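Those protein sequence lines, which keep their order, are chains A and B.
Number 265 in the working numbering belongs to position 265 of the first sequence; there are no gaps in the numbering.
Number 44 in the working numbering belongs to position 44 of the second sequence; there are no gaps in the numbering.
All clues given are correct.
Residues from chain A shown here face chain B by an in silico Cβ test under 7 Å; the list is partial:
| id | residue |
| --- | --- |
| 1 | Thr437 |
| 2 | Arg462 |
| 3 | Ala472 |
Derived coverage of chain B by chain A (criterion: at least 3 residues anywhere in the stretch with Cβ under 8 Å from a Cβ of chain A; other residues may be distant):
| id | segment |
| --- | --- |
| 4 | 185-192 |
| 5 | 195-209 |
These are computed hints drawn from the structure, not numbers from a lab.
If you're wondering where the values come from, they're calculated on a predicted model, not measured in any experiment.
Beta carbons: idealized from backbone N, C-alpha and C, even for Gly.
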Amino acid sequence: MSAVSEPAEGPATESGAADALTVENIDITYRVRGRDQTTVRDVSFRIGRGESYGLVGESGSGKSTIALAVVRYLARNGRVSQGKIAIDGRDVLAMRGDELRKLRADTVSMVYQEPGRALNPTIKVGRQVAEVFEIAGVTGAPAQERATEMLEKVRIADPAGVMNRYPHQLSGGMLQRVVIAMALASEPSLLILDEPTTALDATVEAEVLDLVSALREEFKTSLLFISHNLAVIAKMCDRVGVLYAGELMEQGPAREVFEDPRNPYTVGLLRCIPRRGTAKNREALDTIPGFPPSPGETVEGCVFAERCGLVEDRCRSGEVPLYELSSARRSRCHFHERAQSLPRVVKTEPEAAAGNGSAAREVLVSAEDVSKTFHMEGETIHGLVDVSIEVRVGETLGLVGESGSGKTTLARVLLGLTAPDEGAMLAIEGAPLADTTGRRTHEQQKTLQIVFQNPDSALNRRHSIRRLLSRALTKLGGYRGDALATRLRSLLSEVRLAERYLPMRPGQLSGGLKQRVAIARAFAGDPKIVVCDEPTSALDVSVQAAILNLLNDLQRREHVSYLFISHDLGVVRYLSDRIAVLYLGRLMETGSADQVFEAPHHPYTEALLSAVPTLENGGQRERIRLEGEIPSAANPPTGCVFHTRCPRFLGDICVNTEPPLAESEPGHAIRCHIPLEELRRLQSTEVTVAGAGE
Amino acid sequence: MSVGAIPVESAGALSAGRGGARREMLRELVRSPLFIVGTLILLWWIVCAIFGSAIAPQDPNAQNLFAINKPPSSAHLFGTDQLGRDMFSRVLTGSRDLLIVAPLATLLGTILGTIVGLIMGYFRGVIDDVLGRFVEAFLALPVVVTAIIASYGLGRSNLELIIVIGLLFTPLIARTVRAAVLLERELDYVSAAKLRDEGPLYIMFVEILPNVFGPITVEFTVRLGYAVFAVATLSFLGLGIQPPSSDWGLEVATNYGQVAAGFWWEVTFDALAIASLVIAVNLISDAVEGVLER
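Chain A with its partners taken away, still in its complex shape (with noise of 0.2 Å):
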């Protein structure tokens, strides 16, 4: 059978203590209409007293599944069907009742993604932390006050104002670590975190990441960390294990994994990111090939086989077994020492720069004093004040900032389906544009479409992918009859669609190829500005990367324009020209891609930029950490609005006087009262760090 079982020494081992976590060749098997379906295959690795482990791995690779076993929270018809999961060196397969009670209580503790769901929306916070010392049988004002230490623990300002809060009055980050205190209260041996931070800002997710890190140093908690995320993962861990279809492809010290992969698949997924300094006109993105084999599908021989480009025979039969590398490395592969000899499916450099020297090109689409007021229970909200931006032709204006920045408000409003605030200006190709879609011209209409962040929403669920597609065609477009059908086709081809998947419903295609058609409807009527809503902000990394390439293919061949919002700055920096900078509904910075993401520029987007985990330098590379939360819209700070959380403040003059957004160079613009000569002196030792992955 599989050749290594026994996984390598953790780095944060103390011997003789049996291992926080335990797994041995598991097999996880789901029953599912009558047939047994093993979804996780022969997966094995400890995780020793003190250490973080991190699984990564695609959508349906297996990872949360594994973290439900450990815990026994497996769905009623899924077991372990083989093998064995040992936490403190006690058989959790074995247990029943009290004892996996007692186990939850006391040993494991899980955190998932969405912390909202994790807490009853009834009940106070307070309340809802303290129970958990209850059930360790501390009781009434004690129990109290332990909860109000262990929030203080979780560096929450305000811990005796957040008891007696509802879940609801919390923010996304607040929440997590409501949950995390929870989590650690009781003290486990084990803390299971599954995509912790995926449903949180990038600055928010920093500050849950430290938290996590330092609490860890103190509780001296061992960690199972699941993302799908290889540069928290990289960030956070000691050790990784990659999971692909529900196999443990690569097992390794993080570090040593990214730096250098020994399995095909870990070295394309690692193509598919994007590098910082990367942008689209001097490297196209690497993609995977092929889809994942379908849950249950059994799969003689390596289950990366059909993908993978280094592909022999010997790869299609037989087991291929866990080769051991080192003392501390692993890798599923027969061709270990040569992975990353796999040969690009894209070829690396783009057929022909799109975009480039997008500034001398004239404006296609541009926004003045766009300002719009949401009035919701009495309450004024600003969500856009006073931005103005304009797109030119064939370039792609990159849209950043945290939730609540006012970017998607803004697309809106360009797109006519948000009327902004009286006062703002409109146009296209020089002419004025209507506040709402139904009032503009056909042409107008048929110019401007977007790319809808979730396809599930953007798609409608019951009309087949050939009734999406002609209707727009028809509409847009104003195909009929043959034409109509000529059309089709080669739209599909355009966006790399097979023809077969025209009677399928949306919800028989993967998101990949959801996203696809969604673009295909985009296109329909040749737009000359596409606005493109987080993409691929649903998408696995291997998938987002052959999506950026087609929006890449496109723009060069068509000269499309893109508004392209993602809240993923490697994203926006790979695709972008030009990039603008939202805060709180405020334009705080806009210049060329390289202007804004290298030094001199506003310290906000130095916070954004320094909230993000990177694969290069180990993830090592925080500097700034934004403090405190994202203030209300309803009420925002005065002056410059960032002041409440900047890390550059001044003094009295930023918390009195709104600094104008003022053009530093040509083209550059930042709204800070700090010279750009002194910003430039302040973020200079930044300049060699951040340049360093070029």
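Add chain B to chain A, keeping to what the hints say.
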């Protein structure tokens, strides 16, 4: 290039593949015991409504003045009434009018309610407020009083029953549909339709309507149960199905004076029949709701 082979959402075996979701639901429905029992009872009464006269051992309207008020026996399984008519035959044929009036009334209410609900939910604002007042006013009308008033205007007929019950159901269904539409209209596919200049009619009926069929179906089956009950009640009060029909509600009304004299069988079997039909419809609606609303 990346157009590959297996278009499967690989979110783990729990989701069990979403291909053919509708077929999957149907399969689940057919397997549900609630649905099976409910459907069997309902089918039985439908068969009786259609072939009642043929199945019935005797002519349900044949009077036999020599055998009045006879208790159940082998000759008359459910006994006879005060005119000597065979109760068993009358119960078997008593579902006919009910099974025409109740579904048609529910259908009318569902169609009107869907239209009103779509309009309210899609346009919101003033239209929603104005229609909302009407809906609330309608909701306050008691079935019986309305039926009495309507019977003066429209006369006492099955058609009048269908119209009255249908109209009274309209606001209830409109409310459900409106709630579902409010959720749907926020989805991006509606924005996408607006961006290609689709009219409100197209958006409401082609884009949104198919997506709110679930709640509408559930509401239809729930209302059907109430409709059966309402028709039986009105018939009992003399406002519904008219003689000489052997309708159950009507039978209970005509015969219930006889219970005091000890002739319980003249009411009990009809009442049980009404109950069985209402329960059958409710079982089906529970099963449908269980499958659709998850």
